[in-house]
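Visitor: Quick mapping for you: the protein sequence lines, in order, are chains A and B.
Residue 256 is where the first sequence ends in my numbering, and the numbering goes up by one at each step.
Residue 256 is where the second sequence ends in my numbering, and the numbering goes up by one at each step.
Think of the hints as simulated: they come from the structure by calculation, not from any bench.
Hints may contain errors.
It does not matter which identical chain is meant; a pair holds if it fits inside one copy or across any two.
Simulated crosslink set (DMTMM-like; lysine to aspartate or glutamate; CA at most 25 Å straight-line) [what the hints assert, rightly or not]:
| id | residue 1 | residue 2 |
| --- | --- | --- |
| 1 | Lys82 | Glu42 |
| 2 | Lys202 | Glu233 |
| 3 | Lys256 | Glu233 |
| 4 | Lys106 | Asp223 |
| 5 | Lys256 | Glu72 |
| 6 | Lys182 | Glu42 |
| 7 | Lys106 | Glu203 |
| 8 | Lys202 | Asp214 |
| 9 | Lys244 | Glu111 |
There are 2 protein chains.
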Amino acid sequence: MNETLSLLYSHRSDRNFSDEPVSDEALCSILEAARRAPTSANAQHISMVVVRDPVRRARIAELAGGQKWIAKAPVFITVVLDFYKTGVGVELAGSKQVAQETMEGLLAGVIDVGIALATAMAAARSLGLGIVPIGGIRRDPQGMIDLLELPPHSFPAVGLSVGHIAKPAQQKPRLPMEVFRHDESYHREGLKEAIVAYDAALLDYWRHIGRSDGQAWSKNTAEYYEQMTSRPVKLAMTRQGLTPEK
Amino acid sequence: MNETLSLLYSHRSDRNFSDEPVSDEALCSILEAARRAPTSANAQHISMVVVRDPVRRARIAELAGGQKWIAKAPVFITVVLDFYKTGVGVELAGSKQVAQETMEGLLAGVIDVGIALATAMAAARSLGLGIVPIGGIRRDPQGMIDLLELPPHSFPAVGLSVGHIAKPAQQKPRLPMEVFRHDESYHREGLKEAIVAYDAALLDYWRHIGRSDGQAWSKNTAEYYEQMTSRPVKLAMTRQGLTPEK
Chain A
11 MNETLSLLYS HRSDRNFSDE PVSDEALCSI LEAARRAPTS ANAQHISMVV VRDPVRRARI
71 AELAGGQKWI AKAPVFITVV LDFYKTGVGV ELAGSKQVAQ ETMEGLLAGV IDVGIALATA
131 MAAARSLGLG IVPIGGIRRD PQGMIDLLEL PPHSFPAVGL SVGHIAKPAQ QKPRLPMEVF
191 RHDESYHREG LKEAIVAYDA ALLDYWRHIG RSDGQAWSKN TAEYYEQMTS RPVKLAMTRQ
251 GLTPEK
Chain B
11 MNETLSLLYS HRSDRNFSDE PVSDEALCSI LEAARRAPTS ANAQHISMVV VRDPVRRARI
71 AELAGGQKWI AKAPVFITVV LDFYKTGVGV ELAGSKQVAQ ETMEGLLAGV IDVGIALATA
131 MAAARSLGLG IVPIGGIRRD PQGMIDLLEL PPHSFPAVGL SVGHIAKPAQ QKPRLPMEVF
191 RHDESYHREG LKEAIVAYDA ALLDYWRHIG RSDGQAWSKN TAEYYEQMTS RPVKLAMTRQ
251 GLTPEK
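Extracted from the complex, chain A is given alone in its bound form:
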């Protein structure tokens, strides 16, 4: 197995960071990898905001619902969906930008957010650094917009804590390949059984690592999804002029 595959297979979130700073060289490598990642039609509607300042990181930890590893890890990167940057280009070309008003624009841009995030994670982990992707910044997107002084038509889509690992985490088991891979067309058979077995396997895993609050996957997913309705994401998007109504 090659080095990259072995890195990708071993993916995990390492929340236990040491105090060692992340070098500028390492940070530049991570950002350079993300900058060279593909974007839909080369539109490059992605920007990254790097926060090193501990006071600002403590504030982000709070906005994200009290995630203390954000305050601990020396670097926090926000992946910004950036239709402000492209808007300046579109205007230079003599047009009026409409991407931010379309569902197609939202999907294309947000997929590219995920690509940039995954590329930054792989780059950081290849340097031996630990990472935690942080969707929790969308608990208070307006707080992030204000803190990072984000321009109209841009949005703090997801974040990433980066630092040196004090104590490596273990890798959580996943649902089996049989319900991830489909050949030629989607198949539904065997799904319920696979979930029941996975729920049991995940509970075993939580016991194994001593996490007494660990839940079955189905219950955890149900609870995670339930709190989604209370997140002010659509409101913050609308205030930023991101209105995917078309």
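Fit chain B to the supplied structure of chain A, relying on the hints for placement.
Guide: Just chain B, lined up with the frame of chain A:
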């Protein structure tokens, strides 16, 4: 520089595929890397549909607006945003799933689509294979839904052609790091100048590789975004029960 960084730095879409088939072993490695990639709160709302059948690939090439490399490359992977799979779990937990009705659910899921796609791309390229990410399947999402027999609450978000490379492509220049990276907060200065310079650099690049139809970035982005309003993405999502109104 380590192997993974060097791979990520050299990212490019290779549209010139040979007839050599992709081995099952390579395909399994690509899917295994993607399966182990992170998802928001471990919800695993991602599935991949692998199409090898040449008649079906020809159909996808057509749905995607006549992209002939889809018919040529032996493997086409569709990354599916899959709230059907999670819905079965949520129901097993005795709840009613709402994620598919929220903007937060859409963002979390679509970011994870991008993560899965980027992970699959890195895995394939680490094996020496060529890849082309295909957003064009969203030109006719309903056609893809019908072809792949996708269940309710799922969506064909993006695709990936995978094959052996007949003739390697070159890497397109990108907007400079100065307008990708922001420190502590977003800065707007220098953006217009950077775009003007990049437009010129990209036109140089097109001339260098002999592409007479190559455009400046700002003009290309303006034209790419303009056709977004005509894509039936929102309609197809609504028919699948994906209504991010909350």
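Visitor: Given identical chains, is Lys182 near Glu42, meaning Cα to Cα at most 25 Å, within a copy, between copies, both, or neither?
Guide: Between copies, since 14 Å is at most 25 Å while 29 Å is not.
Visitor: When Cα atoms must be at most 25 Å apart, do Lys202 and Glu233 count as within-copy, between-copy, both, or neither?
Guide: For Lys202 and Glu233, the Cα distance is within 25 Å only inside one copy (19 Å; across copies 45 Å).
Visitor: At most 25 Å between C-alpha atoms: does Lys106 with Glu203 qualify within a copy, between copies, both, or neither?
Guide: Close across copies (19 Å), not inside one copy (51 Å); limit 25 Å.
Visitor: Could you place Lys82 and Glu42 in one of the four classes (within, between, both, neither) given a Cα distance threshold of 25 Å?
Guide: Answer is within; shortest intra-copy Cα gap is 24 Å, inter-copy 31 Å.
Visitor: At most 25 Å between C-alpha atoms: does Lys256 with Glu233 qualify within a copy, between copies, both, or neither?
Guide: between (31 Å within a copy, 17 Å between copies)
Visitor: One pair to classify: Lys244 and Glu111, alpha carbons no more than 25 Å apart. Within, between, both, or neither?
Guide: Both, since 13 Å and 11 Å are each at most 25 Å.
Visitor: When Cα atoms must be at most 25 Å apart, do Lys106 and Asp223 count as within-copy, between-copy, both, or neither?
Guide: Intra 51 Å, inter 23 Å, cutoff 25 Å: inter-copy only.
Visitor: With 25 Å as the alpha-carbon cut-off, assign the pair Lys202 and Asp214 to within, between, both or neither.
Guide: within (19 Å within a copy, 55 Å between copies)
Visitor: Could you place Lys256 and Glu72 in one of the four classes (within, between, both, neither) given a Cα distance threshold of 25 Å?
Guide: between (35 Å within a copy, 24 Å between copies)
When each numbered hint is compared with the structure, no violation occurs for any of them.
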